[in-house]
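*Asks:* Here is what each chain is made of, one letter per residue.
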Amino acid sequence: MLGYIGRRAYHSVISVIGLLTLVFFLTRLTGDPSALYLPLDSSLEARQAFARLNGLDQPIYVQFFQYLQNLMSLDFGQSPRQNRSAIEVALEAFPATLKLALVAMSLATVLAIVVGALAAARPGSLFDRIAGLVSLAGASTPDFWIAIVGILVFAVGLGMLPTSGTGTALHWIMPIAVLMLRPFGLLVQVVRGTMISALASPFIKTAHAKGMKRRKIIFGHALRNSLLPVITVAGDLATGLINGAVVVETIFGWPGIGKLMIDSIIQRDFAVVQSTILVTAIAIFIVNIAIDLLYAVLDPRIRY
Amino acid sequence: MGNKSVRVIAGAMVVAGWAGYAAAQSASEIKIVLPEQPANFEPCGTIITNVGQILSRNVVEPLTIIDPKSGQPTPGLATEWKQTDPNTWQLKLREGVKFQDGAAFDAEAVKFSIERMTGGKLTCSNIAKFGDAKLTVTPLDELTVEIKSDKPQPILPTLLSVVMIVSPNTPADKAVNDPVGTGPFKLSSFTPQTVVLEAFDGYWGEKPAIAKASYVWRPESSIRAAMVETGEADLTPSIAIQDATNPETDFAYLNSETTAIRIDAGFAPLDDVRIRKALNLAIDWDGLAQLFGEDVQRASQMVVTGINGHDDKLAPWTFDAEKARALIAEAKAAGVPVDTEIELIGRNGIYPNGTEAMEAMMAMWQDVGLNVKLTMLDVNDWLRYLQKPFPESRGPNLLQMMHDNNKGDAAFTIPIFYTSAGSYSTFNDAALDKEVADAMAATGEDRTAKFKAIFAKVHDDLAVDIPMFHMIGYTRVGSRLEWKPDITTNSEIPLANIALKD
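As they're listed, the protein sequences go chains A and B. Take 1 as the starting number for the first sequence in our numbering and just add one per residue. Take 1001 as the starting number for the second sequence in our numbering and just add one per residue.
What the hints contain is simulated information worked out from the structure, not anything from laboratory work. Incorrect hints may appear among the rest.
Now the stretches of chain A that chain B is said to cover, found in silico as 3 or more residues with beta-carbon under 8 Å [stated by the list, open to error]:
#1 33-40
#2 82-90
#3 148-157
#4 162-170
We put the CB at the ideal spot given by N, CA and C, even for glycine.
Just need the whole structure built from these sequences, with the hints factored in.
*Replies:* Take a look at the structure:
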């Protein structure tokens, strides 16, 4: 197991370096940041001074080697936009996204497993049809629309929840509800589909024949055997959320890494773009390794 | 853990959350919600909207303040000034002023701030307003300072409105996020969620009614409007017209921005003045105005009322499609290739309904017989067309623009738009260059008259652009506050001017 984790970590480091190299060159292909940093009526002299201050007057290969050299000493660069260390900016924003993603994904997964399993237990029933409708709506409704309608109803109309921001338990409700809708919708359908297949398996028929209780058959036997595809999909969805729930963070004023990444790309804040990608890439690799390890826990036939 | 325990814990969390959410702020504390998060708090960047709206005249103060009505400089940290020769100004500084860190405000502090701004060791946005001027600052005594420039600066007091004076303890060679100034408020905290300003007890002026102001940011206009409506915030600038639905709390104000289309006069058929006039005449201005709201004002020039050089008497182009067709026919008869495709370049998100405006204008130009095709670009690509050097591959094009001048003088507009060397200018006219140079060196009424003459010439005779509208901003002000926005609201919201209702 430890050997497996070590091999994955080694490959991950190579992938991260490759990714950062790619990001370095792609960001610089977008052009000169001084056009966005300085006022439109800045003089040519001011633009040249900006390029000099930020090392952008050097040839790109010199900039790249300087960047690699700095990486060796864990110097990830300064954000010219924020006047501080780029990695500090990224690390400050990341926990907010992580917490939101963790709570939303956990709730969405648990809820989807329960609803999907119950729907699969009686295909075609009223519960199954309602679950199908709700999950389809959840998976396909745009989150910005849900977020704005939620604010109009629960904050402006009913006055029950704050419109946006952070600080109290109530501030979490709407962002989590909006963020979990899509994963919940998709996972219900995955759980239902895999459960229906599992429930038709010979070992379930055997369990029935032995007189085992229905609840134990569904949640104890069928569900455990249906979880691998669910975990795969949930893992993909979780990495998507870690990568930044941009719309939700923007609308609810959540100070996460998704919005930071988009803002930095738009503003050509190269150092912060690189740092946010580094942080999220490492997090995504950790999630992927965790999912692989979870496979082994759920299916004893899988060995690393 | 039993079900009962879970329920008790959950209930307690919700109650605690509710109590936190509903906790009333003290009567003299206010919350302001801005559209954008300030990326930094470098005082040399206060012309950037989201920095200036928090810092300007709250934490840091300028030497002069532009009167929003007259556009003239009025005393700030400098109380009086005189020009001793074309290149030299002397300023008297305000007595009894202390920085928030206890340092004394004096001529040396002014020298430090100006040299920090012009020294080239940090990225300073505000210096853009000075162009390429070189300044030498000499303290004459404790409260008198002399500023010499390498060429005449007839509007130096106006330019000094963007010089924010910072404590001499501020690092001179790097940008900061913890500015220390002389303003009525000091920066208490700056986090990714909020900025808090607290009243500075040692302020030289009248004690403000506000003791503490918190700033948060939400890009979505409807959310910001809702926050003020529900009492979560007290004030928000720049809400969209469709969210300004409450006449009791929502105030319209001329926000100093002017929308326009730049005509690239370097290519046929746009190098022909008849075609440029036809472009102005072909627009149904009343119809187009519906996209901008009923308070919007038609523009005939690139600066708003109150800016030195603005001419109230200069009439905007009116809609006359027949005359436009006649001019195009006349140009065609004279050999101008009027069928050539003209690219209309718009910028995504430049202002509300900006794309719709471009689509409507394209249709109106097509209607009079011009071959106009719309291309919408994101800001990065659009900037390539706005500023020199322009892309070599471009052909005849019209560029959607918005220009902001709230600094009191047309000097911040005319040279960049209309001179051969102007960074946005596609026009090359030696006679016009000379007129602009004369106006820039002039003072007083002569300066005003010369700027007016230039605006009249570029509008009536040369038709180098298509001025559209002077834009209107909407601000929602909560019922607790007594305050109205003005032309400066896009760049500053002085908390000391906000009164609290009883």
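*Asks:* Would you mind marking each hint as holding or not holding in the structure?
*Replies:* Each hint, compared with the structure:
1. Figure legend: the segment 33-40 of chain A, annotated as covered by chain B; annotation consistent (6 residues with Cβ-Cβ distances under 8 Å, at least 3 required).
2. Only residues whose C-beta sits within less than 8 Å of a C-beta in chain B count toward coverage, and the segment 82-90 of chain A has 3 of them, enough to reach three; the restraint holds.
3. Note: the segment 148-157 of chain A has 5 residues with beta-carbon separation from chain B under 8 Å; the three-residue rule is met and the coverage holds.
4. Counting residues of the segment 162-170 of chain A whose C-beta lies closer than 8 Å to any C-beta of chain B gives 9; at least three are required, and the coverage claim holds.
Violated hints: none; the structure is consistent with every hint.
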